[in-house]
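Asker: Quick note, the sequences are listed as chains A and B, same order. Throughout, our numbering is defined as the position within the first sequence, counted from one, plus 51. Throughout, our numbering is defined as the position within the second sequence, counted from one, plus 51.
What the hints contain is simulated information worked out from the structure, not anything from laboratory work. Possibly wrong hints are sitting among the right ones.
Since the list gives no way to pick one copy over another, a pair counts as held whenever it fits inside one copy or between any two copies.
Think about it this way: if two alpha-carbon atoms lie no more than 20 Å apart in a straight line, the pair counts; the simulated EDC-like pairs of lysine to aspartate or glutamate are [what the hints assert, rightly or not]:
| hint | residue 1 | residue 2 |
| --- | --- | --- |
| 1 | 279 | 296 |
| 2 | 177 | 150 |
| 3 | 277 | 294 |
| 4 | 286 | 371 |
All of these numbers come straight from a predicted model, not from anything done at the bench.
Protein chains: 2
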Amino acid sequence: MTRSTGPFPLATRRDALVTALIASVAMATGTSPVTAQTDPLPSWNDGNAKQAIKTFVEKVTRQGGPDFVPVAERIATFDNDGTLWSEQPLYFQGMFLLDRIKALAPGRPEWQTQEPFKSLLAGDLKAVTASGTRGIEELVLATHAGMDSAEFERIVKEWMATARHPKFNRPYNQLVYKPMVELLAYLRANGFKTYIVSGGGVEFMRPWVEAAYGIPPEQVVGSGIKLKYELVGDKPELQRLAEVDFIDDGPGKPVGIAKFIGQRPVFAAGNSDGDLQMLQWTTLNTGQRFALIVHHTDAEREFAYDRQSQVGWLDKALDEAPSRGWLVVDMRNDWKTIYGP
Amino acid sequence: MTRSTGPFPLATRRDALVTALIASVAMATGTSPVTAQTDPLPSWNDGNAKQAIKTFVEKVTRQGGPDFVPVAERIATFDNDGTLWSEQPLYFQGMFLLDRIKALAPGRPEWQTQEPFKSLLAGDLKAVTASGTRGIEELVLATHAGMDSAEFERIVKEWMATARHPKFNRPYNQLVYKPMVELLAYLRANGFKTYIVSGGGVEFMRPWVEAAYGIPPEQVVGSGIKLKYELVGDKPELQRLAEVDFIDDGPGKPVGIAKFIGQRPVFAAGNSDGDLQMLQWTTLNTGQRFALIVHHTDAEREFAYDRQSQVGWLDKALDEAPSRGWLVVDMRNDWKTIYGP
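Next up, chain A with everything else stripped away, as it sits in the complex:
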């Protein structure tokens, strides 16, 4: 949407704050933060990718320039799995799901004979995959519903604090990409509001993304199940129901953006065909727009996969990238470091 002025023109808090910040920094340093000499993207190798990002940001923030975008419209949306953190050998929320099924299994003896639980407990992930969308949905609802929101948050935090990645033996929230964390901070320093727009569960992400990415809970768009408000005695609770509410993936991403943000992004980043429509929605618009695809090319430092992968399948979006002008980031060559700190 575009902005209008009206009978009571009030600056948004964001506009006022950004203006004040820029003014105060400029006063203190005698320079502008945008033109400061420190490299805002130190984990990116010098080259086309890094330069393309910086050129874009300089263009849209140059007051009076032909490509200037007002602060209120500087919306940047980022996919999470495979774009901000790793997603192999399985989406990390899938790893969480596996751990939850195992933890809950002693109290659910019927799972020993009931699919897809039986195969999952036997470690036969191929059979689980063969159970299709309906099977996966059953697993999700068995592990993500049936408690209130506060309890689910507690479970996620505990898992994040204790679980370890099978290849790297580190907590999952340490497998975030340092170059992307720098990119998020660089955009924010230039007046962008950064959002996650992920196929992952919104309540799975909110407990830890602020510490990992500097993105607050209210700037996370994701998939979700239905919630129900209840006053239990004098304690209000939101019960998590065993029913899918919204899938924020593929064509669902522009829908999620419209529902939750209500503005078309100026910048978007993804890594798979699940991001294709978000990249289209962002760039097929008037004005300077930017999209990038994180291409997983680094089998040594991370994982290498694209068109043949079950997880993070990247095919059509890779084909469309050249004609759309989307930047394809080559992780092996463009990134000095993969993980932080």
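Keeping the supplied structure of chain A fixed, place chain B upon it in accordance with the hints.
Answerer: The following block gives chain B in isolation, referenced to the frame of chain A:
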């Protein structure tokens, strides 16, 4: 949810900006904006209501005090109809709907014989009301679906620019409450992030609320219909489908807050039983919390109604207010002015 620190602690942009703003204002004026002598609520009469709001804000912003709330958690949610602007003789989105039905009727001859369209076109609003939820939904979908989002935004803006309120003969977006606009600005100046959480349509509100209230589109939570992404040629569109997606009213308000914001508010304002659960969700929590109810007591300057009204029905929430400690704002006595500027 509560916040955790993690392996990559990054301040949010909001925190950094608020700190910078406070510092720069303090440097420039030699004082703190909180203790400045100018009255932040000039349209409120001196008295209990005004004092209660100021006392609360001073408590939660006093660094090191027992009731301090960090900036990142200062979420304030406001109902819209009857809380931020008027809602009589009918919710203004209802007036929009009536105007749309009349505008579209020439192309829909079947409406002349089909209920509830027939009654509506004959001006028989009682018969329309008697058609119940299903009838109202039909009217909503006939006027709010069947176009893409950009086209709907255009229709809303055009209506807002041309329609006039039957009693006040002013554009509807000039019937916003000046004291509440001041309250929003006062909260924002004290580090709050202000949201609308309304039963109204989110895409009906977003085109005009920023100019009216200083609330950007991404901080509007409301009811919505389903959207569908389509690439038409090379132009991406979000089609508005004739299917309700979410009703952000009553017990739906805490759900909407959880889905869109992901944090429990510290401050909430409403005016009807449709806000009851939001006020409970906000205040029945640990820590200093604040809720207020705008009570429509001013038949001369606005409208007087509560327990008997079809629109803005206020009954249970008014009963609960004293024991919950919710402030009931008496529009006639507490407000110096109703409308701006």
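Asker: A separate judgement is required for each hint: does it hold in the structure or not?
Answerer: Status of the hints after comparison with the structure:
no.	hint	verdict
1	279 with 296	both (12 Å within a copy, 15 Å between copies)
2	177 with 150	within (17 Å within a copy, 57 Å between copies)
3	277 with 294	both (6 Å within a copy, 17 Å between copies)
4	286 with 371	between (51 Å within a copy, 15 Å between copies)
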